[in-house]
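Number of protein chains: 2
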Amino acid sequence: MTGIGIDIGGTYTKIAAVRADGRLVRQTRLSTEPNEGKDAFIEKITEVVNDWKLELGKDLISLGIGAAGDIDPEKGVIRYSPNLNQWRGVDIVRPIKRLTGLPCVLENDANMAAWGAYSLELKKKYRNIITVTLGTGVGGGIVLGGKLFHGSTGSAGEIGHTKIVPDGELCNCGDRGCLEAYVGSYAISRRALQALKNAPKNSTLRKLSCNGKHIGSVCLTEAAEKGDRVAKRIWFETGEYLGRGLANAGLLFNPDCIVLTGGVSRAAAHFMEPLKRILYSQSIATPFKFMKVLVAKSADLGSLGAAMYGIEKITEDRG
Amino acid sequence: MTGIGIDIGGTYTKIAAVRADGRLVRQTRLSTEPNEGKDAFIEKITEVVNDWKLELGKDLISLGIGAAGDIDPEKGVIRYSPNLNQWRGVDIVRPIKRLTGLPCVLENDANMAAWGAYSLELKKKYRNIITVTLGTGVGGGIVLGGKLFHGSTGSAGEIGHTKIVPDGELCNCGDRGCLEAYVGSYAISRRALQALKNAPKNSTLRKLSCNGKHIGSVCLTEAAEKGDRVAKRIWFETGEYLGRGLANAGLLFNPDCIVLTGGVSRAAAHFMEPLKRILYSQSIATPFKFMKVLVAKSADLGSLGAAMYGIEKITEDRG
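Listed in order, the protein sequences are those of chains A and B. All letters in the first sequence, in the order written, are residues 1 to 319 by our numbering. All letters in the second sequence, in the order written, are residues 1 to 319 by our numbering.
Calculated from the structure, these hints are not laboratory results. Some hints could be false.
It does not matter which identical chain is used: a pair holds within one copy or between any two.
Mimicking DSSO-like on lysine-lysine, the simulated pairs with C-alpha atoms at most 30 Å apart in a straight line are [said to hold, decoys possible]: (1) Lys226 x Lys125; (2) Lys58 x Lys313; (3) Lys232 x Lys289; (4) Lys75 x Lys289; (5) Lys213 x Lys97; (6) Lys232 x Lys197.
Can you build the whole structure from these sequences, using the hints too?
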């Protein structure tokens, strides 16, 4: 049995075919270009799916899709996605089902990354996990008792918009003080640019950032690795902020494991120590005593997880 | 079928016999006196249970117990309870089972209040609820998909110790910035005493509080009802702080309903408006669109819920 997983991001859409045992059969990536409209997008991805379907034949049983934004998994609709050209009420599952003839599920992309972490990286060893996707935005996916946890309207896990500082930094969502406004990549970049103002003229970070014009996570990591003090401090603070957000989630969910994924998680070596210090110094210590904090190995958990989740759902329905 | 529920608090222990349909058969209250030791305590409550057992006969099928503190529900042990004379590793279920001959479950007291809210007050109408116990301390109990949610080590729902202000007010747990350090009754009293320093000499709150010596929630509510501006402001701020804590929990769990219970919840008329304003102004609006915030009617949800939970567990095990 094989499932196809699709991870729809603001820039790229990743597609992967994965066998039920977790083996990757093939994968590809295409530009999402949400501004060209949903019909053009749906046509583009169904073309890939139908090509693969010819090759995979009856072994292909399901399609799992993850998309960034507010998703209605029951109706298979993208309620609202700021990163997909502000798409609102976009019906995804119905047309794709019709065009491919495959059973299809739609979920939030962070949920699919969580399923990938749970089923592939952790091999279902832990039953309660929280996955945090650290990219431009900060998302969360939750597996409880070995099942994806949706909450009442499919919106559970919005850890990026939990508030860690009252009336704090401005978040892309419009609120202030969200975790994302401190550890989303745009927020890290903003703090680094601010800190660079008082840094020495010849600082490594300044050189690597084209004199402070662009500071991405990769550049900031490189500067930290070269010993730049400002870069190191920014990562240290990022770990503290992230630790605060994770501590709150840990106190509420008492999970076995928190998995970090997404671009910013690649810098974990520079922020993990202060992060863990915050977690393991909580007075209410029991939830953290056995809780692991891991960084995902795969950079494609969204598409791989979506493929695995599609297989899971279809075999569950059949069973 | 009837179950007995026991709610062990720092000061009082409440005992109630409840029928499976929710009807209260009888109830009583005794002083906990944890400093007299666990053996004396266990003897005292088993005496009541065995008395009632003689009257109720075979109709009595179970014993549910809720206790304040860090509980191991699987082993039936109080891991640590600061409010019960610092009891550590106190085996509750085994001796009570032996002395009463009844099947017995032990849970955190907030979990039992949550079960009471779910099964009795809401009649299982909502599947996902969070119950917040607002007393000296602030606890949380969570029902997900109609089941009590424990997390991995039985410590889920510690909403009182989620941090709402970085390095904020000192909490009884030793950390800073916990929700409890703002909305626990001791914290409300602390803020009120502080605010009273700058209040007019003839203020209502000053009079009601014996010239600022004791400000409890009841006194603060009375002052607010009489129009005292300081008292009204303290309750308003309490609503804002509580709103921040509930917003974070709402974003993570996306529940159908949040139920407030405990002494401080009696002042809801004075803090509900700012609380709801915080919830319903979140940019990520979906989790809050259909979420209700209710105040529990019964002041005994802990013992009643424990009775109902005991019945639930024993019939589940038998079924």
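Now the hints, each set against the structure:
Taking CA atoms no more than 30 Å apart as the test, Lys226 paired with Lys125 passes in neither setting, with 37 Å inside one copy and 58 Å between copies. Within a single copy, Lys58 and Lys313 get their C-alpha atoms as close as 17 Å, which meets the 30 Å cut-off; across copies the closest is 45 Å, which misses it. Taking the shortest alpha-carbon separations for Lys232 and Lys289, only the intra-copy value of 28 Å comes in at or below 30 Å, while the best inter-copy value is 41 Å. Only between protomers do Lys75 and Lys289 lie at most 30 Å apart by alpha-carbon distance; the minimum there is 18 Å, versus 39 Å within a single protomer.
Taking identical chains as interchangeable, the C-alpha atoms of Lys213 and Lys97 are never at most 30 Å apart, the minima being 45 Å within one chain and 70 Å between chains. In this assembly of identical chains, the alpha carbons of Lys232 and Lys197 lie at most 30 Å apart only when taken from the same copy (15 Å versus 44 Å across copies).
Checked against the numbered hints given earlier, the structure breaks hints 1, 5 and satisfies all the rest.
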